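Student: If you're matching positions, the sequence shown starts at 1 in the UniProt record's numbering and goes up one per residue.
Read the hints as simulated data drawn from the structure, not as lab findings.
Heads up, some of the hints might be wrong.
[Said to hold, decoys possible] Using 30 Å as the maximum straight-line C-alpha spacing, the simulated DSBU-like pairs for lysine-lysine come out as follows:
1) Lys50 - Lys127
2) Lys135 - Lys252
3) Lys135 - Lys161
4) Lys156 - Lys176
5) Lys21 - Lys135
6) Lys41 - Lys21
[Claimed, not checked] Distance windows between CB atoms, simulated:
7) Asn14 - Pro181: 38 to 46 Å
8) Lys50 - Tyr303: 28 to 36 Å
9) Pro314 - Glu47: 37 to 45 Å
10) Val320 - Ser48: 42 to 50 Å
11) Ala299 - Lys252: 43 to 51 Å
12) Phe183 - Asn323: 38 to 46 Å
13) Val168 - Val37: 31 to 39 Å
14) Thr5 - Pro66: 55 to 63 Å
Only a predicted model underlies this, so the values are computations on that prediction, with no experimental measurement involved.
Every residue, glycine too, gets a C-beta built ideally from N, C-alpha and C.
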Amino acid sequence: MPSHTLFDTAATLNIFRLFSKHTQQDGAGGPVSYEGVAAQKIQQFWESQKPISLLLPAFPWKSPNPQKTLSQSPDLGEELGLTRLNHLCNELAQVFPYGAQIAIVSDGTVYNDLLGYPDEDVFNYGKELRDMALKNGLDSITFLKLVDVLGIADSKGMSKKSLLDVTVTCRSELEKRFLDPDFSIEMEIKNHSDTALTYKGFVKGAYDDLRWGSDTPEVVTSNAGLYQAEAQRVAKQMTQRLITYTKQAYEKALESRFPDSIRLSIHPSSGRSKFSVPLVPQPDCFGLTPWHSCLLVTAQGCYRTTWRKDVTDPEAYQVVIRNGIPYFVREAASD
1 MPSHTLFDTA
11 ATLNIFRLFS
21 KHTQQDGAGG
31 PVSYEGVAAQ
41 KIQQFWESQK
51 PISLLLPAFP
61 WKSPNPQKTL
71 SQSPDLGEEL
81 GLTRLNHLCN
91 ELAQVFPYGA
101 QIAIVSDGTV
111 YNDLLGYPDE
121 DVFNYGKELR
131 DMALKNGLDS
141 ITFLKLVDVL
151 GIADSKGMSK
161 KSLLDVTVTC
171 RSELEKRFLD
181 PDFSIEMEIK
191 NHSDTALTYK
201 GFVKGAYDDL
211 RWGSDTPEVV
221 TSNAGLYQAE
231 AQRVAKQMTQ
241 RLITYTKQAY
251 EKALESRFPD
261 SIRLSIHPSS
271 GRSKFSVPLV
281 PQPDCFGLTP
291 WHSCLLVTAQ
301 GCYRTTWRKD
311 VTDPEAYQVV
321 IRNGIPYFVR
331 EAASD
């Protein structure tokens with residue numbers, strides 16, 4: 001029986017290596033340390049004859065910043081990202097007899113209020129992602145919300161109104177259950193390189209997108225000095241929420257709800273505590289997330305994540321519409 005044998009994890013771990021991309025580590029050369037943790041979890045799945053369970057906090061909401069994205073709906077970037085995650089599960093199933101499943105937990109409601117993004121926008125984005133996955137037959141993916149992580153209710157059986165009504169309760173419950181009042185953001189950033197990398201991306205995102213939040217007054221967005229000051233204030237508050245919640249309270253909530261799952265991340269990392277998986281792999285960098293970019297199809301047929309403001313020349317680029325939604329940007333072939 002499987003419970004009395006050791007499973008050879010080499011081929012399974014190699015699949016994770018093929019799909020992941022990590023920053024250089026000190027004394028790099030050996031395998032990333034999370035592989036040891038993953039190997040133990042794979043063995044446990046083997047012994048229990050269950051599919052490998054993957055967990056990915058991601059897909060919070062679509063940035064409303066028109067300099068970044070084509071619209072607030074999922075587009076080709078999300079389609080490619082979801083397809084790649086489903087492909088990862090399919091590849092794992094080729095070497096692991098019980099298959100693999102991935103749970104995507106939207107972390108949007110953890111902090112969308114700080115940027116003035118309505119809870120309803122987060123809900124709508126998640127709904128469209130589910131529809132996209134269903135339409136494309138991505139049946140290795142399940143979607144969960146904060147309400148599921150906390151065990152307050154099953155989001156699948158809740159109406160839109162009920163989910164929106166419980167959002168504030170979820171935020172306060174997350175803090176109440178898992179937040180350590182003595183947790184130091186400064187020390188966490190200083191002592192953990194992965195946290196510092198995440199922090200850097202969070203702060204830049206806050207500065208870029210704050211002006212597009214519905215709660216930011218025009219008197220602020222139209223004045224460079226006031227906007228800079230407001231961006232710094234919100235970035236500081238956002239750092240407190242994001243790092244404390246995401247690195248501590250949210251991480252604890254995820255570990256409590258999914259103690260056996262193998263962790264994935266869409267943020268660059270050293271690979272010490274999770275596998276970092278680019279959703280749309282790029283040749284020279286980790287790449288932008290689909291919800292903070294648009295997808296460019298080059299004249300050579302390659303996929304590139306970029307910002308909308310960088311592909312606006314009508315003679316060089318064309319926005320392709322699909323089902324009434326701006327879906328990707330096509331680069332014109334040179335003469």
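Student: Hints first: check each against the structure and report whether it holds.
Tutor: A quick look at each hint next to the structure:
no.: 1; hint: Lys50 - Lys127; result: holds, 28 Å
no.: 2; hint: Lys135 - Lys252; result: violated, 33 Å
no.: 3; hint: Lys135 - Lys161; result: holds, 25 Å
no.: 4; hint: Lys156 - Lys176; result: holds, 24 Å
no.: 5; hint: Lys21 - Lys135; result: holds, 29 Å
no.: 6; hint: Lys41 - Lys21; result: holds, 20 Å
no.: 7; hint: Asn14 - Pro181: 38 to 46 Å; result: holds, 43 Å
no.: 8; hint: Lys50 - Tyr303: 28 to 36 Å; result: holds, 34 Å
no.: 9; hint: Pro314 - Glu47: 37 to 45 Å; result: violated, 59 Å
no.: 10; hint: Val320 - Ser48: 42 to 50 Å; result: holds, 46 Å
no.: 11; hint: Ala299 - Lys252: 43 to 51 Å; result: holds, 47 Å
no.: 12; hint: Phe183 - Asn323: 38 to 46 Å; result: holds, 45 Å
no.: 13; hint: Val168 - Val37: 31 to 39 Å; result: holds, 35 Å
no.: 14; hint: Thr5 - Pro66: 55 to 63 Å; result: holds, 56 Å
Hint check: violations occur at hints 2 and 9; the rest are consistent with the structure.
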